[in-house]
Amino acid sequence: MANHKSALKRIRRNEAVRLRNKYQHKTTRNAIKKLRSTEAKKDAEALLPSVVSMIDKLAKRNIIHANKAANLKSKLSKHVAALQ
Numbered sequence: 022m023a024n025h026k027s028a029l030k031r032i033r034r035n036e037a038v039r040l041r042n043k044y045q046h047k048t049t050r051n052a053i054k055k056l057r058s059t060e061a062k063k064d065a066e067a068l069l070p071s072v073v074s075m076i077d078k079l080a081k082r083n084i085i086h087a088n089k090a091a092n093l094k095s096k097l098s099k100h101v102a103a104l105q
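Here the sequence shown is numbered in my numbering, starting from 22 and rising by one per residue.
In case anyone wonders, no lab produced these hints; they're calculated from the structure.
Possibly wrong hints are sitting among the right ones.
[What the hints assert, rightly or not] Below are the EDC-like pairs computed for lysine to aspartate or glutamate, each with C-alpha atoms no more than 20 Å apart in a straight line:
| # | residue 1 | residue 2 |
| --- | --- | --- |
| 1 | Lys-54 | Asp-64 |
| 2 | Lys-89 | Asp-77 |
| 3 | Lys-54 | Glu-66 |
| 4 | Lys-78 | Glu-60 |
| 5 | Lys-54 | Glu-36 |
| 6 | Lys-62 | Glu-36 |
| 7 | Lys-55 | Glu-36 |
| 8 | Lys-63 | Glu-36 |
| 9 | Lys-99 | Glu-60 |
| 10 | Lys-55 | Glu-66 |
| 11 | Lys-96 | Glu-66 |
[Claimed, not checked] Label pairs and their in silico Cβ distance ranges:
| # | residue 1 | residue 2 | range |
| --- | --- | --- | --- |
| 12 | His-100 | Arg-41 | 42 to 50 Å |
| 13 | Thr-48 | His-100 | 27 to 35 Å |
| 14 | Arg-33 | Asn-83 | 55 to 63 Å |
| 15 | Lys-30 | Lys-96 | 22 to 30 Å |
| 16 | Asn-35 | Lys-81 | 15 to 23 Å |
| 17 | Ala-37 | His-86 | 48 to 56 Å |
| 18 | Lys-26 | Glu-66 | 28 to 36 Å |
| 19 | Glu-36 | Ser-71 | 39 to 47 Å |
| 20 | Lys-63 | Glu-36 | 21 to 29 Å |
| 21 | Ala-37 | Asn-88 | 41 to 49 Å |
Small disclaimer: the values here were computed from a predicted structure and weren't measured.
Ideal placement from N, C-alpha and C gives every residue a C-beta, glycine not left out.
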C-alpha cells in the first residue's frame, strides 16, 4: 500500500479517471452499435458526425489507439454510404 500523500492521491485520481474513460468508451461503443443497426440512410447520416466526434475524442485522450479510431470511422462511413 502507498505511504506517501501524493501516492494516495494518485491512486484516487487514477480510479476516477479509469471510471470516466470506461464510461466514455462504453457510451461510444453503444453509439456505434446504434449507428450500425440503423436502416434509414437519412437517420444514419444524421448520427454519423456525432459518433465520429466521439471516436476522435477517445483517440485524442488515448483511450483507443489512433489507428483503431481511423478504422472505425472508415468502416462506419462505408456502412452509411452503402445504405439505401
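Original post:
Hint numbers the structure violates, sorted upward?
Top reply: Violated hints (numbers, rising): 4, 5, 6, 7, 8, 12, 13, 14, 15, 17, 18, 19, 20 and 21; every other hint is consistent with the structure.
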